[in-house]
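Peer 1: Chain by chain, the residues:
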Amino acid sequence: MRRLVPYPLLALALFAMWTLLTGFSPGHILLGALVALIVSRSMLSLKPEPPRVRVGWAMVRLAGIVLVDIVRSNIAVGKIILFNPPHRHSDFIELPTELRSPYALAVLALIITATPGSLWVQHDANRHVILIHILDLVDEAEWVRQIRQRYERLLMEIFE
Amino acid sequence: MMQAPDLPTWAAIIVGLLVLGGAIITLVGAFGLIRLKTFYARVHATTLGATAGMAAILLGSMLCFSITQGRPVVHEILIALFVTLTTPVTLILLARAAIYRDRSEKLPQLPTRSEPERAE
Numbered sequence: 001m002r003r004l005v006p007y008p009l010l011a012l013a014l015f016a017m018w019t020l021l022t023g024f025s026p027g028h029i030l031l032g033a034l035v036a037l038i039v040s041r042s043m044l045s046l047k048p049e050p051p052r053v054r055v056g057w058a059m060v061r062l063a064g065i066v067l068v069d070i071v072r073s074n075i076a077v078g079k080i081i082l083f084n085p086p087h088r089h090s091d092f093i094e095l096p097t098e099l100r101s102p103y104a105l106a107v108l109a110l111i112i113t114a115t116p117g118s119l120w121v122q123h124d125a126n127r128h129v130i131l132i133h134i135l136d137l138v139d140e141a142e143w144v145r146q147i148r149q150r151y152e153r154l155l156m157e158i159f160e
Numbered sequence: 161m162m163q164a165p166d167l168p169t170w171a172a173i174i175v176g177l178l179v180l181g182g183a184i185i186t187l188v189g190a191f192g193l194i195r196l197k198t199f200y201a202r203v204h205a206t207t208l209g210a211t212a213g214m215a216a217i218l219l220g221s222m223l224c225f226s227i228t229q230g231r232p233v234v235h236e237i238l239i240a241l242f243v244t245l246t247t248p249v250t251l252i253l254l255a256r257a258a259i260y261r262d263r264s265e266k267l268p269q270l271p272t273r274s275e276p277e278r279a280e
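Chains as they are written, first to last, in the numbering used here: chain X, 1 to 160; chain Z, 161 to 280.
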């Protein structure tokens, strides 16, 4: 089974995408299955490091937290743009991180950048420090504490 | 021009509010490009359209076509997924390019400690 479908999650995702885009006719389900099998095999030549993902409640909780944070920061950044508060201070912060898995770091980069108001700039793999730009920076320590508590802990649970 | 005679009034109102709301959020984000003064600040503004603006418009689209076609239309979820996965990649790339430029011009108030060449 492993030989035939080396990346079962990717194959499943491709199949789901194909059926969602084309509708649920038998022909397309067959075609989608073929595409999923063949295209997911093309990942073999890239030899990605196999991710160790623990599927569980941590994923659901992380998704929920991110959703709430995106809505809240949309409102916050919208207010900043519309009302232009005079004492706004935007700056870079450095976040020391314990995450080592490239997949966990990639997800954290997506979360931080997709949330308006914070922007992932770079990850220093030697010092394990992430450089983040914050639009409305009041307290650097508070931001670091929030990111670690809300995202990093759950990402550790899922990926490491 | 597509008409939607099959859309009941209550649904038309909800769809209209969602699409209009999403468009307004995206407009606020675009307005931020003029209003905010530095490159790094402007990047934050664009994410409004890519998150809440996109979500509202897609919800409206899902609701509208689910009702007119009489079956759940969910492939907007794929659009949301792909936009969420790809926008940050572009934004991070732009930010990296900007910080590379600013560092090589030795602008003040930039964190220089994380420069790759200076790391051990």
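Just to be clear, a hint being listed does not mean it is correct.
Unchecked claim - Only part of the chain Z face toward chain X is listed, based on derived beta-carbon distances under 8 Å:
hint, residue
1, V188
2, G192
3, H204
4, T211
5, H235
6, I239
7, T247
8, P248
9, K266
Treat the hints as calculated values from the structure; they're not laboratory data. Here the structure is a predicted model, which means the values were calculated and not measured. Ideal Cβ positions, reconstructed from N, Cα and C, are used throughout, including at glycine.
Peer 1: May I ask which of the numbered hints given earlier this structure violates, with the numbers listed in increasing order?
Peer 2: 6 and 9
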